[in-house]
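A.B. asks: I would like the entire structure built from these sequences, with the hints used as guidance.
The opening position of the sequence shown corresponds to residue 62 in our numbering, with each subsequent residue numbered one higher.
Check the hints yourself; a few may be wrong.
As the list claims (entries may be wrong) - Just the calculated beta-carbon pair ranges, DEER-fashion:
id : residue 1 : residue 2 : range
1  : Gln83     : Ala797    : 45 to 55 Å
2  : Gln558    : Ile368    : 30 to 40 Å
3  : Asp144    : Tyr360    : 20 to 30 Å
4  : Thr504    : Pro573    : 32 to 42 Å
Claimed, not checked - Straight line, CA to CA, 30 Å or less: simulated BS3-like cross-link-like pairs of lysine-lysine:
id : residue 1 : residue 2
5  : Lys295    : Lys129
6  : Lys129    : Lys378
7  : Lys424    : Lys295
Quick caveat, the hints were computed from the structure, so don't treat them as lab data.
Virtual Cβ for every residue (Gly too), placed ideally from N, Cα, C.
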Amino acid sequence: MVFAAFGQKAAINGKVTDGAKQAIVGASVTLKGTVRGVQTNTNGEYVIKGLRNGEYTLVVSSVGLKNKELSFTLQENEVKSLDFELEDETYTLKDIQVVASRGVRGNEHLAEVDGYSINATKKNEVIKLDNLNANLAMNNSRQIFSRTPGISVWENDGSGIQLGVASRGLSPNRSWEFNVRMNGYDITPDPMGYPEAYYTPPMEVVDRIEIVRGASSLQYGPQFGGLMNFVLRKPDISTRVTVESQNTTGSNGLFSTFNYIGGTEGRLSYTAYYQKRFGNGWRDNSYYNTDHAHAELSYAITNKFKIGAEATYMTYKSQQAGGLTDAQFAQDARQSVRSRNWFSTPWLVPSLSAEYIFSEKTKLSWKAFGVIAERNSVGNVSAITTVDNLSSNRQVDRDYYNNYGSELRFITDYKLLGLNNTLASGLRYYNGHIDRKQQGKGTISQDMEFNIEGDYPRDLDFNNINKAAYFENIFRFNKKFLITAGARVENISSTMQGRFSLSNGVANNLTPITRNRSFLLFGGGAEYHLTEQSEFYSNISQAYRPVLISDLTPPATTDVIDENLQDARGYNFDFGYRGKVANYLNFDVDYFYVNYNNRIGTITQTNAANQRYQFRTNLGRSVSQGFEGYIEFDPVTAFFKKSKIGYVSMFASIAYIDATYRDFKTTSVVNGQVVEGNLSGKRVENAPRKINRFGITYNKKGFSVTWQMSDIGKAYADASNTEVANAAATTGVIPAYTVQDLSASFKFLKHYNVKAGVNNLTDERYFTRRAGGYPGPGILPADGRTFYVSAGFKF
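C.D. replies: See the structure below:
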């Protein structure tokens with residue numbers, strides 16, 4: 062039957078227009094209950110080829126317009142023309158929250174059910190990159206997350222290579238409190254053992270960023286921060302070939318070229334991109350040179366069965382300027398006292414996928430994926446107060462990741478006791494292996510090289526196997542009210558073994574550590590549609606953070622790891638109200654509560670021989686709670702409906718976050734005696750109390766300009782809330798700061814665009830991080846004022 066399908070030549074084509082007979086570009090044209098679908102091209106035209114004879118239902122949809130369905134019969138080898146005219150519609154929050162007004166360019170929300178996921182009752186945002194005026198060539202996080210309340214950003218990597226974001230008072234360290242995915246699969250070294258996100262896709266190829274707060278724990282993984290999924294542009298289904306190029310130049314030797322090709326021919330869709338970016342960086346000793354490449358193919362074997370494959374590769378050379386002391390930062394934030402520190406993480410992420418549509422109500426998805434990558438650093442990692450002797454050997458640390466996983470997802474709509482329900486369920490398997498080699502004696506070279514003399518003193522193997530199963534269900538009691546409920550069962554098996562150090566050629570081997578645990582997580586929520594365009598939502602879901610490889614690795618031979626060290630556990634709670642007023646006002650306000658139990662830390666203890674040692678164990682609890690609010694308003698559309706002079710959109714994204722320790726044991730040594738204490742009442746480190754961002758966008762036809770201001774509160778670099786910085790600048794206050802950005806774009810002649818902008822408009826000197834280790838230690842300044850200009854085309 063499959064081979065017979067290849068020979069069929071039936072097809073449908075046509076044109077989609079609006080009430081004014083204008084062509085609708087990018088309208089979705091799909092065959093109901095199948096994997097087949099296309100988008101209209103720049104002339105509003107569509108074509109679907111390679112169909113078998115039979116009965117079909119065609120669904121045509123576009124943002125802000127009423128869907129149309131048409132059933133028809135297709136004969137063998139027939140080419141049928143079907144044109145559609147769509148009418149205006151005010152749609153409700155049950156649909157994807159695409160902003161259809163002329164001026165509002167804000168965030169969207171996920172549909173109640175989207176793909177294979179249930180999003181009802183959950184706090185979530187969709188950041189559409191096309192909606193933003195931002196320096197996408199440099200992955201400017203401050204601009205990208207501007208409309209997403211409560212997101213804190215570490216701005217210590219001006220190259221845009223690595224992303225450090227968090228929400229609700231959690232740590233932004235390489236986004237490790239999020240479950241970070243791309244196209245729905247993992248891209249971190251090991252989500253359950255080493256979740257640091259060393260790879261970030263180029264934002265020029267990202268279609269949208271989906272963020273679901275902690276309530277995503279049942280369907281994706283129980284990280285406290287929730288899900289952050291980068292969805293890349295899919296193969297262009299409106300034409301056989303789409304070619305795009307965007308080229309950017311700017312301050313400090315910046316040059317970026319992004320080139321894309323994609324299209325659809327019959328049942329085959331394809332896409333590929335390549336980005337090259339290099340520059341000298343704002344600070345001294347901040348050179349970077351990156352290469353990103355991606356290729357994707359998908360093929361509809363039948364109308365109900367589709368397979369796909371994709372692969373992403375990144376490699377780069379990045380010089381690390383190192384940290385500064387407070388005095389050095391005040392003197393000149395652009396200076397660097399580390400000229401030989403380099404960092405590189407070649408990253409390969411392959412993926413296979415398959416999708417089968419049983420019916421328009423039931424479907425199944427499978428993904429297999431892997432991460433084959435490295436983390437390589439070389440340099441002087443001692444305190445910034447230690448002068449780097451240029452004739453001394455550098456330290457080399459290397460990680461090798463060989464990980465693979467698979468996820469099976471199933472979703473169906475069904476009726477029970479007269480109620481319309483939706484069930485999402487799935488299975489997951491992940492096998493992560495990390496080979497960690499540290500403290501190698503490197504060369505005295507100035508450049509990036511990872512050769513060493515002799516063996517690595519530290520050579521550890523970490524293996525983590527994660528198995529999970531979940532289900533979540535929507536119970537719809539009527540058109541206004543629904544509840545969700547679900548559970549997830551997890552099994553984690555971790556093993557660490559190897560050599561901890563070498564002393565005079567004698568190996569100090571680590572006692573093998575094996576941990577196996579299984580547990581069950583629950584979650585549920587409710588949603589009530591107050592009006593067709595607004596809703597109350599609430600959700601509570603359990604979360605946990607497994608013991609990581611870094612928790613199991615003692616920093617010194619005298620340190621002791623608690624053999625009963627437990628995973629951190631807790632829960633997330635949300636209660637909010639979101640919606641829109643007509644097509645000129647979007648809003649989302651909520652209260653949140655994050656309970657974080659069994660946080661891991663280190664205290665000093667005394668053994669039987671009266672010798673002090675550091676003991677790593679579960680020490681206590683912290684709580685983050687507060688309010689988040691997002692509002693975007695288009696006054697021109699609100700008061701005048703239409704305008705010949707353009708439209709204005711104003712937004713405010715505000716958050717108040719009270720992240721404090723409730724009970725967390727500490728120790729100190731006073732006059733030779735160990736003194737116990739408690740951090741109760743202290744603020745959690747790296748958690749500003751206010752994260753406020755404001756902006757205004759003016760647009761008229763193809764021209765758009767956006768001004769944005771970020772107003773971020775004071776934070777502390779350590780849990781003791783040290784006010785006066787230490788000499789090494791690793792502890793102390795992270796002062797409040799305000800920074801502004803200005804970006805503009807102009808699209809003309811349908812295919813061409815120019816973009817330009819100024820980041821950090823007033824050239825503020827500030828920092829968001831005091832690093833205790835690499836790439837510091839010390840203060841890591843954010844970039845001062847920079848400029849960029851870009852030109853591109855798309856055919």
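A.B. asks: Taking each numbered hint in turn, which are not upheld by the structure, reported in ascending numerical order?
C.D. replies: 6
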